[in-house]
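Number of protein chains: 2
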Amino acid sequence: ALHSSFYQLDEALLVDYVKARPNLAQRLGGTHTEWKIKEVGDGNLNLVFILLGPKGSFVLKQALPYVRCVGESWPMTIERAYFETTVLREHGRLAPGHVPEVYHFDHPMALTVMRYLEPPHIILRKGLIRGTVYPLLAQHMSDYMASTLFHTSLLANSTLKHREGVAQFSRNVEMCRLTEEVIFTNPYRVAASNRWTSPHLDADAQSLREDSRAKIEIAGLKAKFCERSQALLHADLHTGSIMVTQTSTQCIDPEFGFYGPMGFDVGAFLGNLALSFFSQDGHATFEGEREGYKLWILKTIGETWQLFERKFLALWDQNWGSGDAYVEEVYNSKEVRDLAQIAYMSEIFQDSLGFAAAKMIRRIVGIAHVEDLESIEDVEKRATCERRALNFAKHLLKERSQYSDIGQVISAIQSIH
Amino acid sequence: ALHSSFYQLDEALLVDYVKARPNLAQRLGGTHTEWKIKEVGDGNLNLVFILLGPKGSFVLKQALPYVRCVGESWPMTIERAYFETTVLREHGRLAPGHVPEVYHFDHPMALTVMRYLEPPHIILRKGLIRGTVYPLLAQHMSDYMASTLFHTSLLANSTLKHREGVAQFSRNVEMCRLTEEVIFTNPYRVAASNRWTSPHLDADAQSLREDSRAKIEIAGLKAKFCERSQALLHADLHTGSIMVTQTSTQCIDPEFGFYGPMGFDVGAFLGNLALSFFSQDGHATFEGEREGYKLWILKTIGETWQLFERKFLALWDQNWGSGDAYVEEVYNSKEVRDLAQIAYMSEIFQDSLGFAAAKMIRRIVGIAHVEDLESIEDVEKRATCERRALNFAKHLLKERSQYSDIGQVISAIQSIH
Ligand SMILES: Nc1ncnc2c1ncn2[C@@H]1O[C@H](COP(=O)(O)OP(=O)(O)O)[C@@H](O)[C@H]1O
Ligand SMILES: Nc1ncnc2c1ncn2[C@@H]1O[C@H](COP(=O)(O)OP(=O)(O)O)[C@@H](O)[C@H]1O
Ligand SMILES: [Mg+2]
Ligand SMILES: [Mg+2]
Ligand SMILES: [Mg+2]
Ligand SMILES: [Mg+2]
Ligand SMILES: [Mg+2]
Numbered sequence: 001a002l003h004s005s006f007y008q009l010d011e012a013l014l015v016d017y018v019k020a021r022p023n024l025a026q027r028l029g030g031t032h033t034e035w036k037i038k039e040v041g042d043g044n045l046n047l048v049f050i051l052l053g054p055k056g057s058f059v060l061k062q063a064l065p066y067v068r069c070v071g072e073s074w075p076m077t078i079e080r081a082y083f084e085t086t087v088l089r090e091h092g093r094l095a096p097g098h099v100p101e102v103y104h105f106d107h108p109m110a111l112t113v114m115r116y117l118e119p120p121h122i123i124l125r126k127g128l129i130r131g132t133v134y135p136l137l138a139q140h141m142s143d144y145m146a147s148t149l150f151h152t153s154l155l156a157n158s159t160l161k162h163r164e165g166v167a168q169f170s171r172n173v174e175m176c177r178l179t180e181e182v183i184f185t186n187p188y189r190v191a192a193s194n195r196w197t198s199p200h201l202d203a204d205a206q207s208l209r210e211d212s213r214a215k216i217e218i219a220g221l222k223a224k225f226c227e228r229s230q231a232l233l234h235a236d237l238h239t240g241s242i243m244v245t246q247t248s249t250q251c252i253d254p255e256f257g258f259y260g261p262m263g264f265d266v267g268a269f270l271g272n273l274a275l276s277f278f279s280q281d282g283h284a285t286f287e288g289e290r291e292g293y294k295l296w297i298l299k300t301i302g303e304t305w306q307l308f309e310r311k312f313l314a315l316w317d318q319n320w321g322s323g324d325a326y327v328e329e330v331y332n333s334k335e336v337r338d339l340a341q342i343a344y345m346s347e348i349f350q351d352s353l354g355f356a357a358a359k360m361i362r363r364i365v366g367i368a369h370v371e372d373l374e375s376i377e378d379v380e381k382r383a384t385c386e387r388r389a390l391n392f393a394k395h396l397l398k399e400r401s402q403y404s405d406i407g408q409v410i411s412a413i414q415s416i417h
Numbered sequence: 001a002l003h004s005s006f007y008q009l010d011e012a013l014l015v016d017y018v019k020a021r022p023n024l025a026q027r028l029g030g031t032h033t034e035w036k037i038k039e040v041g042d043g044n045l046n047l048v049f050i051l052l053g054p055k056g057s058f059v060l061k062q063a064l065p066y067v068r069c070v071g072e073s074w075p076m077t078i079e080r081a082y083f084e085t086t087v088l089r090e091h092g093r094l095a096p097g098h099v100p101e102v103y104h105f106d107h108p109m110a111l112t113v114m115r116y117l118e119p120p121h122i123i124l125r126k127g128l129i130r131g132t133v134y135p136l137l138a139q140h141m142s143d144y145m146a147s148t149l150f151h152t153s154l155l156a157n158s159t160l161k162h163r164e165g166v167a168q169f170s171r172n173v174e175m176c177r178l179t180e181e182v183i184f185t186n187p188y189r190v191a192a193s194n195r196w197t198s199p200h201l202d203a204d205a206q207s208l209r210e211d212s213r214a215k216i217e218i219a220g221l222k223a224k225f226c227e228r229s230q231a232l233l234h235a236d237l238h239t240g241s242i243m244v245t246q247t248s249t250q251c252i253d254p255e256f257g258f259y260g261p262m263g264f265d266v267g268a269f270l271g272n273l274a275l276s277f278f279s280q281d282g283h284a285t286f287e288g289e290r291e292g293y294k295l296w297i298l299k300t301i302g303e304t305w306q307l308f309e310r311k312f313l314a315l316w317d318q319n320w321g322s323g324d325a326y327v328e329e330v331y332n333s334k335e336v337r338d339l340a341q342i343a344y345m346s347e348i349f350q351d352s353l354g355f356a357a358a359k360m361i362r363r364i365v366g367i368a369h370v371e372d373l374e375s376i377e378d379v380e381k382r383a384t385c386e387r388r389a390l391n392f393a394k395h396l397l398k399e400r401s402q403y404s405d406i407g408q409v410i411s412a413i414q415s416i417h
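As they're listed, the protein sequences go chains A and B. For the first sequence, counting from 1, position 294 maps to 294 in the numbering used here; every step adds exactly one. For the second sequence, counting from 1, position 360 maps to 360 in the numbering used here; every step adds exactly one.
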């Protein structure tokens, strides 16, 4: 029933669709003969069109009822477009500077129209591969994560509102199940979809599949992912879901959004920065070329966490008692509030490290790899980069409880050779 | 709309209600003039009628749109009857020997008809006050908890089914909010509804309200209660929700049911046994009278946990890979399975101790006390019993991470004077 009025757009159908909707047509201006249309979906799942007109522009994203990069043999619910739009709107309200505005949503068509993030916006991952410094990245991402995670948690909201949100996003279960499989399960078993640089990493992949301690840790993280409704997550916050310029940072593509553990978002971002760090040697055209850039990445990892923690706590300080978690009359002294905040942040920190590790691992031995490493043409170099990243991630997964601040984590990254 | 056809039953209306429903009338047999009706609701919330006829009997429970013991000034959703019935049916399917059969449910009337647990069934709490030994209690309660908790968790089910259940029971939020307030919040603040044996326990109650470490621990437990969807809980599993004979153990009244942390059920039962233990000296009519009984309670605490753990793990062993949590191909050796089970059980154990402590505390300094202690007429004696229980509970709340087996906990209970 929901799908009955769905049809997949192509350029011609797209023009008809927009022509029929004055709000959209007027945003572009002129007549349809003057519109430029480009399909840019580089993602694995969806159609993405850019529309440019004499007066304005927008991006139109449509979910398809199957996994785009695989084909119709792998069906996937188009309801994800509804959840993506709902998160874009909710996170956009909370962090308006870091989420593209939604102009239009068509539920049966699984179609979202949003601000076009015009050039020089590029996908952060591509900027990192080029070695471009983004001086405001840590500041912006910590803003985005602190605001969206704090304000969708029980630190800010009643349990009434929270359980409503949990119920609503429980329906995005198909997307969660994909995550469960590709991040928390398949890298730790023999699976046809797994791949890695072979034969170089054969032994590394095998040792992971035989690592009982790693499997116990991934089970704990999977349980948190499946059972812990801490905040409304983006839930796919890797560096391919962030578009940047020197002055702008925009989070797109929250189609996996659901109520989960905060560390899953923080860890996605930090883990993907770490992957980028380990890939840099593979991109250097002469020895030492990327050393400065690697230091900038490490600095960004450190600053992101530190600023995230500071901003999150500042929001908490400004909002004591507004959520149901910590009632003001109970948490009524500076001493107990400090202790509460330390305990809360240290759990997010631990979770973030665990999820960062899990996300790194799956990008090296699982189904979906990252361009940061894939684009290293020299296979020996690539394997070396990948092995370092994998070794660090395995270590972090198992030993993260030994780390109590981000500086120690950065030292550990630097010590991997 | 839902409430439009609701009306509160009295004996006359009840007869009409049953007469109009052949299935119910035939269960009683004879004609309505031969039926005996007794209202027995000793609870705080609902109407409970026993109906006896020449041929058979049943209990009819109706939820009222307010808290019965307070009055219409404290409204409460009658939807709780729907959740109670849903849990009775689901848990009844999983542990048919320990849950009364549901014969009939009328949603708009918030009315459940179920098996009458005939005499000599009595409420366990009352049996404990009398000093009655129930030799099968640990065996039965460990059966009930192991089966219901295991089979409604991700150890047994897909995340698809699990998130559906979570969404459904998220609507029982009003009941969860009551728990949040009376267990996790009010005992730790000044609240008009709090009471305790005064002035005897004034300083004890005050020291709790000033105990920062206790407040940090209760915050962690509250977060688990609010955010962790581990299994479909009974969620009010104190000794007043269990009816017993020497050979039968029946869990009634799961109107607070929702997806929460397993330790909340296990801890409710163990904590209420511990309250009973500490109350026994107040019921002894001569010195030493209850010493043997106290040992039986401690033995029951120990056996309940040990049997619960053993049965839970047996279910797990029989069902490796049937749920989405631990995929068989990942957890593929005895070594990793053992490690996984140890980690999982030790979290339930820790949670159970924490929730047990929280439930003991709230029964001594919060709004709703227990007959075990309330019925001790000598106020000095009562205060002594209550202080011991409170001291143990405070200790357990804060130091539970030091305990790794139930024997240590039992020793700690015995060492309190
Ligand atoms: N609002 C936007 N402005 C500019 N480009 C965008 C926008 N949204 C998506 N894109 C481009 O389309 C690509 C795919 O979009 P994305 O939302 O990530 O789709 P998918 O879910 O298929 O990964 C992005 O990597 C980016 O290059
Ligand atoms: N199925 C039953 N068989 C016999 N007695 C019952 C049954 N259900 C409830 N009762 C009696 O009614 C009392 C209140 O029932 P309960 O379900 O606990 O209601 P409440 O939710 O108001 O606490 C119980 O303590 C018990 O004495
Ligand atoms: Mg994408
Ligand atoms: Mg996507
Ligand atoms: Mg009751
Ligand atoms: Mg009840
Ligand atoms: Mg199996």
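To be clear, the hints were calculated from the coordinates, so they are not data collected in a lab. One thing to keep in mind: the hints can contain errors.
To be verified - Below are the BS3-like pairs computed for lysine-lysine, each with C-alpha atoms no more than 27 Å apart in a straight line:
id	chain 1	residue 1	chain 2	residue 2
1	A	Lys126	A	Lys381
2	A	Lys55	A	Lys36
3	A	Lys161	B	Lys161
4	B	Lys334	A	Lys398
5	A	Lys19	A	Lys36
6	B	Lys55	B	Lys38
7	A	Lys334	B	Lys398
8	B	Lys294	B	Lys394
9	A	Lys334	B	Lys381
10	B	Lys126	B	Lys294
11	B	Lys334	A	Lys394
12	A	Lys294	A	Lys381
13	B	Lys299	B	Lys381
14	B	Lys394	B	Lys126
Distance restraint between Lys334 of chain B and Lys398 of chain A, which requires alpha-carbon spacing of 27 Å or less: Distance of about 20 Å is within 27 Å: holds.
Between Lys126 of chain A and Lys381 of chain A, is the straight-line Cα distance small enough, at 27 Å or below? Between Lys126 of chain A and Lys381 of chain A the Cα gap is close to 19 Å, so the pair holds against 27 Å.
Regarding the pair Lys55 of chain B and Lys38 of chain B, is the alpha-carbon distance no greater than 27 Å? holds, 17 Å
For a C-alpha distance cap of 27 Å, please report whether Lys299 of chain B and Lys381 of chain B respect it. holds, 24 Å
Does Lys398 of chain B sit within 27 Å of Lys334 of chain A, going by the straight-line distance between their CA atoms? With a Cα-Cα distance of about 20 Å, the restraint between Lys334 of chain A and Lys398 of chain B holds, given a limit of 27 Å.
Holds or violated: are the alpha carbons of Lys334 of chain B and Lys394 of chain A at most 27 Å from each other? With a Cα-Cα distance of about 22 Å, the restraint between Lys334 of chain B and Lys394 of chain A holds, given a limit of 27 Å.
Starting from Lys161 of chain A, check that the Cα of Lys161 of chain B is at most 27 Å away, please. Since the Cα atoms of Lys161 of chain A and Lys161 of chain B sit roughly 23 Å apart, the hinted pair holds (cutoff 27 Å).
Taking only the CA atoms, is the gap from Lys294 of chain B to Lys394 of chain B under or equal to 27 Å? Measuring from Cα to Cα gives roughly 21 Å; hence the hint holds.
Hint consistency between Lys19 of chain A and Lys36 of chain A [alpha-carbon to alpha-carbon, up to 27 Å]: Holds. Lys19 of chain A to Lys36 of chain A sits at ~13 Å (cutoff 27 Å).
If you draw a straight line from the CA of Lys55 of chain A to the CA of Lys36 of chain A, is it 27 Å or shorter? holds, 12 Å
Agreement of Lys294 of chain A and Lys381 of chain A with the hint, judged by alpha carbon distance not exceeding 27 Å: holds, 16 Å
Would the hint linking Lys126 of chain B and Lys294 of chain B be met if the CA-CA limit is 27 Å? Satisfied, since the Cα-Cα distance of roughly 15 Å is no more than 27 Å.
When the structure is compared with the earlier hints, a violation turns up for hint 9 alone.
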